[in-house]
Every structure is written in C-alpha cells, then in structure tokens.
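S.K.: Sequence lines, in order, name chains A and B.
Sequential numbering of the first sequence, starting at 421, is according to my numbering.
Sequential numbering of the second sequence, starting at 116, is according to my numbering.
Hint data in this document are derived by calculation from the structure and do not stem from the laboratory.
Here the structure is a predicted model, which is why all the values come from computation and not from measurement.
All C-beta atoms, glycine included, are put in the ideal place defined by N, C-alpha and C.
Check before you lean on any hint, since a few could be wrong.
As the list claims (entries may be wrong) - Chain B side only, calculated, beta carbon under 7 angstroms to chain A, not exhaustive:
| hint | residue |
| --- | --- |
| 1 | Ala120 |
| 2 | Gln156 |
| 3 | Gly157 |
| 4 | Leu160 |
| 5 | Pro218 |
| 6 | Phe221 |
| 7 | Gly222 |
| 8 | Asn223 |
Said to hold, decoys possible - Think about it this way: if two alpha-carbon atoms lie no more than 25 angstroms apart in a straight line, the pair counts; the simulated SDA-like pairs of lysine to any residue are:
| hint | chain 1 | residue 1 | chain 2 | residue 2 |
| --- | --- | --- | --- | --- |
| 9 | A | Lys476 | B | Gly212 |
| 10 | A | Lys528 | B | Leu227 |
| 11 | B | Lys159 | A | Glu428 |
| 12 | B | Lys159 | A | Val502 |
| 13 | B | Lys159 | B | Trp137 |
| 14 | A | Lys480 | B | Ser217 |
| 15 | A | Lys528 | B | Gly212 |
| 16 | A | Lys520 | B | Ala203 |
| 17 | A | Lys520 | B | His144 |
| 18 | A | Lys520 | B | Leu227 |
| 19 | B | Lys159 | A | Glu435 |
| 20 | A | Lys528 | B | Ala203 |
| 21 | A | Lys520 | B | Gly118 |
| 22 | A | Lys480 | B | Asn223 |
| 23 | B | Lys159 | B | Asp171 |
| 24 | A | Lys520 | B | Gln132 |
| 25 | A | Lys525 | B | Gln132 |
| 26 | A | Lys520 | A | Thr446 |
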Amino acid sequence: GNSVTQMEGPVTLSEEAFLTINCTYTATGYPSLFWYVQYPGEGLQLLLKATKADDKGSNKGFEATYRKETTSFHLEKGSVQVSDSAVYFCALVTQGGSEKLVFGKGMKLTVNP
Amino acid sequence: EAGVAQSPRYKIIEKRQSVAFWCNPISGHATLYWYQQILGQGPKLLIQFQNNGVVDDSQLPKDRFSAERLKGVDSTLKIQPAKLEDSAVYLCASSLGSQNNSPLHFGNGTRLTVT
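For reference, chain A alone in the conformation it holds in the complex (with noise of 0.2 angstroms):
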C-alpha cells in the first residue's frame, strides 16, 4: 500500500542554521507529494507540493524536490528561524483512485534565539 517514512524527532536547532528533514515513500502509480505545517495552537497548512519528478516545492524559504529513483522529497530550509518551529509533515496522494492523502507521523521541529 502507499506510506510515508519521515525521520524521526524531535529536532532542537538553532537560529540560522541548516534544516533537513528527510521523507521517503512508497507508493503504486504517481503520487503527488505534499509538506504539510502545524504550528503551535494552528491547524494543519500546506506548506508546499510537487506533482510530478523532478519538480521543486518552495514556500517561506523552504524547498523539496521530488526524487523518483530514490523516492524521497526531502525538505530542506537555508536559515530556519524561531517562527519555523512547528511540527512538519510529509504526505502523498496517488493520482486516479480515491485520491487519499497519506501522512507520515510528523516531525516536531524547536529553533532556539
């Protein structure tokens, strides 16, 4: 069946320094792939997507790149900052079919000043 694998957290950074969080799926057909935000006391937020490979997501400074031979979309920020903390999600949805949206568990992510 279709899954997402995100790394595990929670992950404390610093201010301005660099923010990998990486996510792999598995998936029949073609997904789309999809970066979802929680932040603190705030309902999920789509944060970014790609629909095809090799399409690059970008929002708020935040950028994935859809891999298909390596399955994985991994989101990354240059400068994260303490309003990114939040908790992020990886997601997919399969393209024909019922369409539904798979998430990953979530990654709570801390930027310290």
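Since the structure of chain A is already known, use the hints to place chain B on it.
M.R.: Chain B alone, transformed into the frame defined by chain A:
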C-alpha cells in the same frame, strides 16, 4: 475568507459514553474530510464526503463511528460508545475539489480524551 470551523475544541468523556463533533467547512467547498490524529502519528483519513455523498469511508470503524453531512455543508462525526483508544485529535478539512487540484484547508481540531 473564514477558515474551517470545528467545535468543541476539547472534550473529555468516560469510556462507553457518546460524543459528537461538528465541522463547518469553508463556504463553497464541495469536499469534506474527517481525519483522526493519534498522538505521535500522522492524521489518518476516516471519511471523505463529496457534497453530501460518501466517497471513502474504508477506514471508519463503522461499529462505533458514524458521520453525516446533511445538505452538503456542515458535518458531524459521532462516536458511540467511545473506547480508550479513541483518544486523539479529530481534524476536519475541506477543499474545492480533488486533492491534487486544490489544497486541503484544515480546522484546528477537537482534542478528545477518553478516560
């Protein structure tokens, strides 16, 4: 635009009791989803509605969970009777259409604790 509204924000009940959650999606969004998020896990889809029809309820424990979306707008999710393992955050989300073409907008969720 107003976001997805959910209530209550928190609920504590004893096992074997009943509970209901309410969701008001963004105006004009045809698709509505209920997700269950157990602590330390990612959200899991319970049920998906397209207008007032069920598209996917394959992971809904139908012996105790039920959901309806009368008139294709608001939705309620009910648990009867609750078990300890139902303790989780219940998230409602809505979208204009399919997940590939329009993003999901999530509410803040209802945190359920079953004692």
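S.K.: Are the hints correct? Go through all of them and say.
M.R.: Right, here's what the structure says about each hint:
| no. | hint | result |
| --- | --- | --- |
| 1 | Ala120 | 10 angstroms, violated |
| 2 | Gln156 | 5 angstroms, holds |
| 3 | Gly157 | 3 angstroms, holds |
| 4 | Leu160 | 6 angstroms, holds |
| 5 | Pro218 | 4 angstroms, holds |
| 6 | Phe221 | 4 angstroms, holds |
| 7 | Gly222 | 5 angstroms, holds |
| 8 | Asn223 | 5 angstroms, holds |
| 9 | Lys476/A <-> Gly212/B | 23 angstroms, holds |
| 10 | Lys528/A <-> Leu227/B | 21 angstroms, holds |
| 11 | Lys159/B <-> Glu428/A | 18 angstroms, holds |
| 12 | Lys159/B <-> Val502/A | 29 angstroms, violated |
| 13 | Lys159/B <-> Trp137/B | 18 angstroms, holds |
| 14 | Lys480/A <-> Ser217/B | 19 angstroms, holds |
| 15 | Lys528/A <-> Gly212/B | 30 angstroms, violated |
| 16 | Lys520/A <-> Ala203/B | 20 angstroms, holds |
| 17 | Lys520/A <-> His144/B | 17 angstroms, holds |
| 18 | Lys520/A <-> Leu227/B | 24 angstroms, holds |
| 19 | Lys159/B <-> Glu435/A | 32 angstroms, violated |
| 20 | Lys528/A <-> Ala203/B | 17 angstroms, holds |
| 21 | Lys520/A <-> Gly118/B | 22 angstroms, holds |
| 22 | Lys480/A <-> Asn223/B | 21 angstroms, holds |
| 23 | Lys159/B <-> Asp171/B | 12 angstroms, holds |
| 24 | Lys520/A <-> Gln132/B | 30 angstroms, violated |
| 25 | Lys525/A <-> Gln132/B | 29 angstroms, violated |
| 26 | Lys520/A <-> Thr446/A | 14 angstroms, holds |
Against the hints set out earlier in the document, violations occur for numbers 1, 12, 15, 19, 24 and 25.
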